Every structure is written in C-alpha cells, then in structure tokens.
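Asker: Given next are the chains, with one letter for each unit.
Protein chains: 2
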Amino acid sequence: MVKVKVISGGVTAPRGFKASGVSCGIKGSGRKDVALIFSEVPAIAAAVFTTNKMAAPPILISKKHVQEGVAQAVVINSGNANSCTGRRGITDAIEMAKITAGELRKKCLGKISPYQILLASTGIIGVPLPMDNLKRGIQNAVISLSYDAHLDAAEAIMTTDSFPKEMAIEFKIGNKTLTLGGMTKGAGMIAPNMATTLSVLTSDIRISHSCLKRALRKSVDKSFNMITVDGEMSTNDMVVILANGIAQNQEVVEDSKDALIFQEALDFLTQELAKMVVRDGEGATKFIEIIIRGGKSFGDAKTIAMTVANSNLVKTAFFGEDINWGRIIASIGHSGAEINPHDIDIYLSHHQIVKGSEGLPFNEGEIKEVLKDKEIRVTIDLNLGDSIATVWTTDLSYDYVKINAAYKT
Amino acid sequence: MVKVKVISGGVTAPRGFKASGVSCGIKGSGRKDVALIFSEVPAIAAAVFTTNKMAAPPILISKKHVQEGVAQAVVINSGNANSCTGRRGITDAIEMAKITAGELRKKCLGKISPYQILLASTGIIGVPLPMDNLKRGIQNAVISLSYDAHLDAAEAIMTTDSFPKEMAIEFKIGNKTLTLGGMTKGAGMIAPNMATTLSVLTSDIRISHSCLKRALRKSVDKSFNMITVDGEMSTNDMVVILANGIAQNQEVVEDSKDALIFQEALDFLTQELAKMVVRDGEGATKFIEIIIRGGKSFGDAKTIAMTVANSNLVKTAFFGEDINWGRIIASIGHSGAEINPHDIDIYLSHHQIVKGSEGLPFNEGEIKEVLKDKEIRVTIDLNLGDSIATVWTTDLSYDYVKINAAYKT
Chain A
161 MVKVKVISGG VTAPRGFKAS GVSCGIKGSG RKDVALIFSE VPAIAAAVFT
211 TNKMAAPPIL ISKKHVQEGV AQAVVINSGN ANSCTGRRGI TDAIEMAKIT
261 AGELRKKCLG KISPYQILLA STGIIGVPLP MDNLKRGIQN AVISLSYDAH
311 LDAAEAIMTT DSFPKEMAIE FKIGNKTLTL GGMTKGAGMI APNMATTLSV
361 LTSDIRISHS CLKRALRKSV DKSFNMITVD GEMSTNDMVV ILANGIAQNQ
411 EVVEDSKDAL IFQEALDFLT QELAKMVVRD GEGATKFIEI IIRGGKSFGD
461 AKTIAMTVAN SNLVKTAFFG EDINWGRIIA SIGHSGAEIN PHDIDIYLSH
511 HQIVKGSEGL PFNEGEIKEV LKDKEIRVTI DLNLGDSIAT VWTTDLSYDY
561 VKINAAYKT
Chain B
161 MVKVKVISGG VTAPRGFKAS GVSCGIKGSG RKDVALIFSE VPAIAAAVFT
211 TNKMAAPPIL ISKKHVQEGV AQAVVINSGN ANSCTGRRGI TDAIEMAKIT
261 AGELRKKCLG KISPYQILLA STGIIGVPLP MDNLKRGIQN AVISLSYDAH
311 LDAAEAIMTT DSFPKEMAIE FKIGNKTLTL GGMTKGAGMI APNMATTLSV
361 LTSDIRISHS CLKRALRKSV DKSFNMITVD GEMSTNDMVV ILANGIAQNQ
411 EVVEDSKDAL IFQEALDFLT QELAKMVVRD GEGATKFIEI IIRGGKSFGD
461 AKTIAMTVAN SNLVKTAFFG EDINWGRIIA SIGHSGAEIN PHDIDIYLSH
511 HQIVKGSEGL PFNEGEIKEV LKDKEIRVTI DLNLGDSIAT VWTTDLSYDY
561 VKINAAYKT
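Sequence order for the protein chains is A and B. The first sequence begins at 161 in the working numbering and counts up by one. The second sequence begins at 161 in the working numbering and counts up by one.
Please note that the accuracy of each hint is not assured.
One copy or any two copies: either way a pair holds, since identical chains are not told apart in the list.
To be verified - Cut-off 25 Å, straight-line C-alpha distance, at most; resulting in silico cross-link-like pairs (PhoX-like, lysine-lysine):
hint, residue 1, residue 2
1, K562, K532
2, K213, K515
3, K336, K378
4, K332, K378
Hints are computed from structural coordinates only; laboratory data are not their basis. Predicted model only: the values in this text are computed from it and were never measured.
Please build the complete structure, drawing on both the sequences and the hints.
Answerer: Next up, the structure:
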C-alpha cells in the first residue's frame with residue numbers, strides 16, 4: 161500500500177499549476193461559470209470521455225486535441241452544455257479553444273496553440289453558447305490565474321452541486337515527493353438538464369504519455385465508472401489529467417514499479433472524488449456501498465453491482481430504512497450476469513441476512529440501527545469465483561423526484 | 161385488420177372454462193388469494209416465463225409441466241411468491257400441483273395428472289408457503305369453480321394492483337366465432353417485494369401446439385415485453401395460454417392465414433392487458449407511449465424506447481409536466497443502440513420539438529396543454545431505417561417513492 165497524504169490546494173497543489181474561476185453571466189444566478197486550469201509548462205495529457213453517442217461538441221474537440229498528448233490548459237464553462245447545438249456548436253467549441261489560447265498568449269504565458277487547450281461545457285442542453293459572455297469570461301479567467309484559486313475553479317464548474325469537490329494528495333516515488341490534485345462536479349450521475357461528472361486532475365509527476373493514458377483509463381474504471389445515482393449518462397462527461405513533470409523525478413514508464421505506485425495514488429484520488437459526487441447525489445439521504453464478491457469475472461460482478469445499485473426498488477427500500485433482500489435478490493437475478501441461483505449470500509454491514517439464497521433470522525433491532533446510518537454497506541457473495549466489484553450509490557428519495565420534476569427548462 | 165369485439169366474461173368467456181377466486185388467509189388482509197382456472201377438456205398449453213435467473217419454484221415446475229403441451233388447470237396464489245425458499249420451495253410447488261390435481265379428481269372433473277396443472281405464486285419473497293392454508297384454499301377453489309367467476313379469479317391474483325385486470329374478445333375465423341379471454345396482474349412492472357406480471361389467457365380455439373407456442377411468444381414480445389414502469393423484473397413472471405378446441409374450428413396451424421388472424425386477435429388482447437398494467441403503475445400520474453421510428457433494427461428501436469422509458473430523468477420531467485427534450489436525447493445517446501447523432505427528430509403528440517437533433521421553437525401554451533394530459537405520446541424518429549418499436553410506461557412521482565419506501569417487509 162502506498163502512503164498517501166491528503167493536503168490542501170486542489171488542482172493547484174502540484175507545482176506549476178495555476179487556476180481561476182470567474183463569472184461571465186452564462187448562469188443567470190451570477191455565480192461563477194468559467195474555470196481555467198493552466199500549467200506553466202506544456203503537460204503530458206490524457207483524458208477519458210463519455211461514451212454517449214450524442215457527445216457534445218466540446219467533447220469532440222477535446223478528443224481531437226488530446227490526441228496530441230500534450231496540453232497546457234483546460235477551460236470549462238458551466239450553465240450551458242453546448243450540446244445538441246448543431247454545426248454552430250462545433251464552431252463555438254473551436255472558438256472557445258482559440259480564444260483561450262489567444263488570451264494566454266496575449267499575457268505572454270507561452271506559445272500556446274489552440275490544440276493544447278482541452279475544453280468542457282456543462283449545463284443546459286440545446287441552447288447555443290453565449291459567445292460574447294464566454295469571451296469576456298475567458299479573458300477575465302486568464303487575468304485571474306493564480307497559484308491558490310483552486311476553490312474558485314472548483315466552484316465555477318458546479319451545476320446543481322451543493323458543494324465544490326476537490327482534493328489533493330502527496331505521495332513518494334523513491335525520495336521524490338509528488339503531488340496530485342483534482343476537482344470534480346456532479347450531483348448524482350446527472351443533474352437537471354445538465355452534464356454529469358467532469359473532472360480535472362493535475363500532477364507535477366514526470367510520466368510517459370502511454371503510462372499516463374493507461375493509468376487514467378484504469379483509474380476511471382475503478383472510480384467514476386463505479387458510481388451511479390440513477391444510471392444516466394450525460395453528453396458531456398470527461399475526466400482529464402495533466403502531468404507537467406516539474407517534480408523532475410525519473411520518468412515513470414509503463415509496467416514499472418513506479419507506475420504501480422502512481423496508479424495507487426491516482427486511484428485513491430479518483431475514488432475519493434467519485435465518492436464526493438455520490439455523497440452530493442440529488443435528494444440522497446444515504447451513501448450506499450455495494451460490494452460484489454465471488455464473481456466469475458469482474459464484468460459479471462460489476463454488472464450485478466450496477467443492477468442492484470440502479471434498482472429503484474432497492475433504492476426506495478433503503479430510503480425507507482427497510483432491509484428488503486427480496487428486491488436485492490430479484491435484481492441480482494435479472495442482471496443477466498452469471499450466478500448460481502442457489503448459492504447467494506447477502507450481508508448488511510457485518511450481519512449476514514441471506515445464506516445460500518435463503519433468508520436467515522436476524523436481530524431486528526440491530527438491523528434497524530444499521531439501516532438508520534447515513535452510510536450503508538451491502539456485501540453480496542456470488543460464491544462462483546474470485547472477482548470483486550465495488551459500486552457506490554445513493555437511495556431514491558422524495559427529493560430526487562422533487563428536484564428533477566420541479567426543474568423547468 | 162381482423163375485426164375484434166370486446167365482450168364480458170374475462171377468462172371464462174371462452175366455452176368450457178370455469179374459474180374461481182377464494183381466500184385462504186395467505187394474505188393477512190383476508191382478501192382473495194387463490195385463483196383457479198379450469199378447462200373442462202384437456203387444453204393445448206403454452207407459456208412464457210421470466211428470464212430472471214432467480215426464477216421461483218412455481219416457475220420451474222410450470223416450465224416442466226408445460227413441456228407436455230397439454231394442461232387442464234392453472235392454480236395461482238397471491239400473497240406469497242414461494243421464491244428464495246430453497247428445497248422446500250420446490251417440494252411445496254410440486255405439492256401445490258398435486259393437491260390441485262387431486263381435488264379436481266375428487267370432484268370427478270376428469271383424470272387429471274399433476275403434470276397437467278400449471279402454477280404460479282406471487283407475493284412476498286423468502287417466506288415458505290403456508291401449505292395448510294393453501295390446501296384449504298385449493299379445496300375451496302375447486303368447489304367454487306363456475307362459468308362466471310372470472311372476476312373473482314382476477315381479484316385473487318392481485319397484489320398491489322388497485323383494480324382487477326381482465327378482458328375478453330370475439331373474432332372470426334371463416335364463419336366460426338372464436339373467443340379469447342385473459343386476466344393479468346401487476347401495478348407497474350413491480351410491486352413491493354412481489355412478483356410482477358402474471359397472466360392467464362384462455363381460448364376455445366382449436367390450434368396446433370407449435371402454432372400456439374409461437375403465437376404466444378410473438379404476442380408477449382409485442383405486449384408484456386414492451387411495458388416498463390421501472391425496469392425491474394420479478395422472479396415469478398409468467399404468461400400462460402390454454403386453448404381447449406371446443407369451438408371445433410378447423411385446426412389452426414403454423415404459417416396459415418388463420419394463424420395470422422389468431423395472432424392479430426391475441427396481440428390485441430395481450431396489448432390491452434399489458435396497458436392496463438401500466439395504467440395501474442405504482443404512483444403513476446401519466447400513461448406515456450414512446451414510439452421509435454426509423455430504427456436500423458427492431459432490437460435497436462426497442463433498446464432506445466426502453467432506455468428512454470426507464471430514464472428516471474425523463475420520467476420525473478413528465479411528472480413535472482416539463483418537456484425536457486435534452487433528457488430524452490441524452491437517453492437516446494447512451495442506450496448503446498445505433499443512431500445518427502445529427503439526425504434525430506422528436507415529436508410530442510403531433511408537435512415537432514426537435515429536428516436534426518436541434519431544438520425547434522414551439523408554442524409554449526400548446527405544449528403545456530399537451531403535457532397536462534393523462535396520456536402522452538412521444539415519437540422519436542431515428543431516420544436510419546424502417547424499424548419501429550412502441551413501449552408503454554409511466555412517469556415517476558412522489559407516490560412511487562412513497563409506495564416503495566413505506567412498505568415494510
């Protein structure tokens with residue numbers, strides 16, 4: 161286990177990173193709506209994007225830009241997703257990168273090309289970006305860049321989030337202390353009419369492009385891809401990492417011991433950020449961890465975990481603080497994954513409630529107490545193999561319906 | 161189009177069928193909980209079962225019995241699903257068939273073997289069947305069999321249903337008038353801790369076993385498999401049809417003109433019954449029809465229809481009477497099915513609101529009026545091919561959460 165130390169500073173904790181978060185009026189509320197993260201030197205870049213076939217223009221453009229493998233800034237606006245905006249959406253996204261590169265050049269912050277800008281938009285779907293506002297916002301964001309504005313940036317990417325989500329950690333490779341920072345957004349996997357998770361990670365580590373790419377993909381699969389509030393997927397999801405190498409460590413390359421250390425540190429950070437998204441889930445009153453053990457394969461274990469986690473019946477039962485294992489077992493059965501229907505065990509916290517697919521007698525008072533907790537752990541043993549999958553989710557409350565029904569387009 | 165006439169009589173409308181519905185105390189409420197449907201002569205039988213891998217013992221036994229191709233009675237209890245009940249569950253299900261056959265023989269109703277009994281249980285999961293009660297119930301049900309107790313039977317299979325669901329129709333093949341009857345249950349695809357759809361269909365038609373089997377499979381794919389309230393699937397779903405041939409028509413065989421007529425009549429009945437289930441959906445305030453046009457394949461069209469129909473975001477938007485097409489289009493994109501992201505049209509009733517994946521201006525007042533209706537139709541044109549799929553669903557309301565959270569095991 162790698163020793164990881166949580167520190168303050170969010171995305172600007174690693175050396176050489178500046179950030180800013182400003183308001184330009186895209187959000188009617190006047191809240192911050194443009195975030196900029198900037199590395200003083202070109203950084204190795206990797207990203208993972210939504211698989212939604214309706215992927216929005218900023219996603220399409222970022223996908224193209226990140227292929228270069230090097231980036232120097234990430235610009236994000238909230239309040240408008242620039243999604244389902246036709247040809248104009250593409251033009252606007254390209255323009256967003258150009259404006260950012262141009263403003264950074266103007267301030268003599270380097271010979272930055274638009275191809276080194278990654279971008280994201282999150283907010284309402286189907287409305288063109290107000291480019292005049294955005295331009296002013298980006299100009300202001302460039303001027304405001306600072307080594308300690310990480311929280312401003314984290315606030316500027318919020319949509320229905322009730323709190324900004326950021327974290328930074330230190331870890332060691334050899335005798336070098338390295339830093340990883342990150343921020344994310346999302347109130348549930350979804351937010352009314354909006355994009356969902358959008359994360360920016362930063363590091364001062366020196367690492368090869370292929371190693372960074374692979375580590376990010378792996379890490380997202382263990383974190384952001386393991387959370388669900390309602391099984392929805394947005395058109396604007398993106399997780400991006402910039403590694404600027406300022407720490408001057410010996411370059412971390414694939415299949416090395418150092419790569420494993422970095423992977424562990426990255427996994428820690430992405431999992432903590434992902435869990436913050438679940439904790440802020442729309443209307444959530446419970447944070448629920450679902451652990452599948454004994455799966456035939458990781459794929460099977462994850463499918464079952466996700467099916468249970470997305471079951472409205474399971475979610476409403478937890479909201480009602482009722483241990484309705486019949487609903488859990490029905491979900492397991494219809495997930496499509498391989499199971500032995502006669503040999504499923506279910507535990508609530510450390511109390512076994514189902515053994516060999518049959519109910520066990522349990523102490524009602526004890527179970528009631530466990531169900532009252534804000535954090536609940538359900539472990540399901542499939543008794544088939546060695547694979548494990550852990551998914552984090554929420555309950556389904558009146559407030560989820562209220563938040564999503566009351567919102568008007 | 162085959163001319164179909166709706167008549168009264170439910171499952172006992174076809175000649176030679178008797179039914180009953182009695183109470184034996186499995187339900188604490190004292191409501192009816194044992195239903196029996198009996199054909200005076202052995203009937204050709206076919207059935208479709210849940211694909212849930214946790215399929216309950218009565219499903220496993222019925223699957224075996226229906227392989228004979230002939231059955232004479234269907235016995236159903238509500239209040240207890242006999243699911244996740246281990247070896248004892250299997251023994252009890254076999255016993256349930258034996259008791260029914262024995263009681264029917266005692267009343268001199270024919271030389272009925274237990275293999276000619278199909279059975280189903282619906283209700284709480286994980287609790288053994290109270291066999292003493294059930295035995296009394298079956299005895300009573302046999303005594304109570306009559307040509308007009310169709311409503312008693314329909315009531316006896318209810319769980320959280322708010323009304324009994326039955327229908328009968330007449331149609332002609334040549335100059336013979338044939339009759340089809342049916343009953344179903346389900347308040348949404350799911351009900352608290354319970355099984356979901358469970359349907360018994362009866363007919364006096366003479367039809368070959370292979371033709372009946374194929375017609376039922378096809379019909380279920382166009383009806384019960386096209387409804388969803390919350391995407392859940394129970395351990396106890398079953399649709400069974402008995403055709404006793406008393407109408408003395410020329411035997412209907414596969415790939416004939418008569419088979420097509422029967423198919424149309426059967427589709428009408430199963431779709432009407434399936435829609436009743438949706439109309440009774442837990443907490444539903446709207447009945448929503450989602451039509452996908454222009455799909456590359458039926459599979460793709462259905463996948464998209466189901467993804468939209470099961471989206472909590474789409475469902476809460478309809479509950480809030482808001483036309484949030486961004487949520488619809490995000491669902492379409494993440495369904496996994498093939499689409500052209502730049503060419504999707506969406507209509508609400510006859511108003512087009514999205515063209516080529518971009519929003520159109522619309523008359524807000526008119527749209528508001530449409531959204532106030534109890535019945536809403538959304539048509540999505542994928543502009544890719546000729547395939548069409550229609551799915552029926554409900555909105556997601558406070559009451560769905562309330563019904564499912566307040567229920568205690």
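Asker: All hints are to be evaluated individually against the structure, with a verdict given for each.
Answerer: So, going through the hints one by one against the coordinates:
1. In this homomeric assembly, K562 and K532 come within 25 Å of each other (Cα to Cα) both inside a single copy, at 22 Å, and across copies, at 18 Å.
2. In this assembly of identical chains, K213 and K515 lie within 25 Å of each other by CA distance solely across copies; the values are 17 Å between and 42 Å within a copy.
3. In this assembly of identical chains, K336 and K378 lie within 25 Å of each other by CA distance solely inside one copy; the values are 24 Å within and 66 Å between copies.
4. Proximity of K332 and K378 under a CA criterion of 25 Å is satisfied intra-copy only: 20 Å inside one chain copy versus 62 Å between copies.
Violated hints: none; the structure is consistent with every hint.
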